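Let the hints inform the model, and build the full structure from the sequences given.
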Amino acid sequence: MDEVALTAAGLYVIVLLRAGGTFALGWLAGAGARRGRLAERISTPKFRRAERAIQRWGAPVVAVSFLTVGFQTAANFLAGSMHMPLPRYLPALFVGGAAWALAYATVGIGALQLLGRLFAEQTALGAGSVAALLLVVGGALVYRRRKAATTNRDAVPDEA
-2 MDEVALTAAG LYVIVLLRAG GTFALGWLAG AGARRGRLAE RISTPKFRRA
48 ERAIQRWGAP VVAVSFLTVG FQTAANFLAG SMHMPLPRYL PALFVGGAAW
98 ALAYATVGIG ALQLLGRLFA EQTALGAGSV AALLLVVGGA LVYRRRKAAT
148 TNRDAVPDEA
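Per the numbering used here, residue -2 is the first one in the sequence shown, and the count goes up by one each step.
Incorrect hints may appear among the rest.
Quick list of simulated restraints, FRET-style, between CB atoms [stated by the list, open to error]:
id, residue 1, residue 2, range
1, 105, 133, 13 to 23 Å
2, 28, 121, 52 to 62 Å
3, 3, 53, 30 to 40 Å
4, 3, 91, 15 to 25 Å
5, 22, 92, 37 to 47 Å
6, 138, 70, 16 to 26 Å
7, 82, 126, 41 to 51 Å
Hints are computed from structural coordinates only; laboratory data are not their basis. Just so you know, these numbers come straight off a predicted model, no measurement behind them. Idealized CB from N, CA, C, for every residue including glycine.
Structure, rendered in structure tokens:
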């Protein structure tokens, strides 16, 4: 249990720094947009209403985003760019970051222990499992790239 706690604590520090940094970058980008050419567009009543809604309801979205893959960075950046108040953002960061760190620490350590046992007791099965996992991940990547290439090719009109 100590290794889970130590791993979770390390991951917690990492996620706080990474997500907090992403929020800060979003905050700076939002401040720059308010001084630039977009200032007139983003100061409309419609934009202000959207910003207030995100500031009011955005914290639960930020907290839950830590349990997703890929959406977490976008949620933190958007929270920063929309200037979510720190009293709303920080609890979401702390709760969501803790959930993320605990999930990755327990699942990660469990997976490593399982692989360690497989390699120690049945090396061929362990090597086969890793090879199968790599093939599945590689196949998924190839499939996604081919699908994206097909979509891009179909989206470009033919010039005759």
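Status of each hint after checking the structure:
| no. | hint | in the structure |
| --- | --- | --- |
| 1 | 105 / 133: 13 to 23 Å | holds, 18 Å |
| 2 | 28 / 121: 52 to 62 Å | holds, 58 Å |
| 3 | 3 / 53: 30 to 40 Å | holds, 37 Å |
| 4 | 3 / 91: 15 to 25 Å | holds, 19 Å |
| 5 | 22 / 92: 37 to 47 Å | violated, 21 Å |
| 6 | 138 / 70: 16 to 26 Å | holds, 20 Å |
| 7 | 82 / 126: 41 to 51 Å | holds, 47 Å |
Of the hints listed earlier, the one the structure fails to meet is number 5.
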